[in-house]
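Enquirer: Residue numbers (the working numbering), protein chains in the order written: chain P, 59 to 175; chain G, 67 to 176.
Rather than coming from a laboratory, the hints here were simulated on the basis of the structure.
Please read all numbers here as calculations on a predicted model, not as lab measurements.
Among the clues, some could well be false.
[To be verified] As a list, the in silico EDC-like pairs of lysine to aspartate or glutamate whose alpha-carbon atoms are at most 20 Å apart:
| no. | chain 1 | residue 1 | chain 2 | residue 2 |
| --- | --- | --- | --- | --- |
| 1 | P | Lys102 | P | Asp144 |
| 2 | G | Lys163 | P | Glu126 |
| 3 | G | Lys163 | P | Asp114 |
| 4 | G | Lys69 | G | Glu132 |
| 5 | G | Lys69 | G | Glu97 |
| 6 | P | Lys102 | G | Glu162 |
| 7 | G | Lys163 | P | Asp115 |
| 8 | G | Lys118 | P | Glu163 |
| 9 | P | Lys136 | P | Asp114 |
| 10 | P | Lys141 | P | Glu72 |
| 11 | G | Lys118 | G | Glu162 |
| 12 | P | Lys129 | P | Asp115 |
| 13 | G | Lys163 | P | Glu163 |
| 14 | P | Lys136 | P | Glu126 |
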Amino acid sequence: EAGVAQSPRYKIIEKRQSVAFWCNPISGHATLYWYQQILGQGPKLLIQFQNNGVVDDSQLPKDRFSAERLKGVDSTLKIQPAKLEDSAVYLCASSLIRGDPNSYEQYFGPGTRLTVT
Amino acid sequence: DAKTTQPTSMDCAEGRAANLPCNHSTISGNEYVYWYRQIHSQGPQYIIHGLKNNETNEMASLIITEDRKSSTLILPHATLRDTAVYYCIVRVFGNEKLTFGTGTRLTIIP
Numbered sequence: 059e060a061g062v063a064q065s066p067r068y069k070i071i072e073k074r075q076s077v078a079f080w081c082n083p084i085s086g087h088a089t090l091y092w093y094q095q096i097l098g099q100g101p102k103l104l105i106q107f108q109n110n111g112v113v114d115d116s117q118l119p120k121d122r123f124s125a126e127r128l129k130g131v132d133s134t135l136k137i138q139p140a141k142l143e144d145s146a147v148y149l150c151a152s153s154l155i156r157g158d159p160n161s162y163e164q165y166f167g168p169g170t171r172l173t174v175t
Numbered sequence: 067d068a069k070t071t072q073p074t075s076m077d078c079a080e081g082r083a084a085n086l087p088c089n090h091s092t093i094s095g096n097e098y099v100y101w102y103r104q105i106h107s108q109g110p111q112y113i114i115h116g117l118k119n120n121e122t123n124e125m126a127s128l129i130i131t132e133d134r135k136s137s138t139l140i141l142p143h144a145t146l147r148d149t150a151v152y153y154c155i156v157r158v159f160g161n162e163k164l165t166f167g168t169g170t171r172l173t174i175i176p
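Construct the entire structure; sequences and hints are all you get.
Expert: Right, here's the structure in full:
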């Protein structure tokens with residue numbers, strides 16, 4: 059089965075510019091996540107969607123970050139305007155809620171490496 | 067979610083068993099132990115999870131102590147491709163959220 063697709067893989071922008079990342083989850087996966095991973099740290103959840111509704115966006119800096127998941131499939135994450143501290147890898151993941159609610163397994167894409175100069 | 071403590075880094079000789087410890091002394095009865103790993107320039111990959119019994123799959127074995135305060139991930143015959151950062155995560159029953167720490171950087175030595 060095809061994995062989680064993300065694009066672009068790399069992006070370099072100047073501070074105060076805007077940028078958008080795209081994610082296509084595994085077919086049939088209702089839940090989609092965006093994570094931010096700063097160098098040397100583990101991924102940090104930014105936002106979680108269930109179909110096209112937001113489940114958790116408590117750690118999303120809403121003054122500059124936005125995300126949407128139209129039609130409950132693909133998703134985009136946008137940063138506007140970017141700051142130097144936004145330099146990180148942005149990971150998208152998806153999961154399928156199986157019959158056993160204790161077996162959530164998230165499948166991650168390769169990520170987009172963002173450098174803000 | 068309960069906090070986990072892992073060594074920052076470990077080395078293991080190729081072909082030997084790699085044993086990665088994790089301390090989760092504040093784990094509660096409704097929390098599972100999950101392990102993910104992240105190979106360089108890739109997203110994290112699920113390995114295994116358990117509640118209180120030992121678990122084994124095609125990738126690894128998970129040994130959870132009887133008091134559930136610690137666990138060990140075992141890669142039985144480590145290969146160079148097992149070089150990665152390994153994350154031990156405690157996850158609440160029914161909660162999809164994953165909270166990653168800084169993990170253990172495992173290096174397999176030829």
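Enquirer: It remains to establish, for every hint, whether it holds in the given structure.
Expert: So, going through the hints one by one against the coordinates:
no. : hint                : in the structure
1   : P:Lys102 x P:Asp144 : 13 Å, holds
2   : G:Lys163 x P:Glu126 : 19 Å, holds
3   : G:Lys163 x P:Asp114 : 9 Å, holds
4   : G:Lys69 x G:Glu132  : 18 Å, holds
5   : G:Lys69 x G:Glu97   : 11 Å, holds
6   : P:Lys102 x G:Glu162 : 14 Å, holds
7   : G:Lys163 x P:Asp115 : 12 Å, holds
8   : G:Lys118 x P:Glu163 : 18 Å, holds
9   : P:Lys136 x P:Asp114 : 17 Å, holds
10  : P:Lys141 x P:Glu72  : 8 Å, holds
11  : G:Lys118 x G:Glu162 : 19 Å, holds
12  : P:Lys129 x P:Asp115 : 19 Å, holds
13  : G:Lys163 x P:Glu163 : 10 Å, holds
14  : P:Lys136 x P:Glu126 : 9 Å, holds
The structure is consistent with each of the numbered hints, conforming to all of them.
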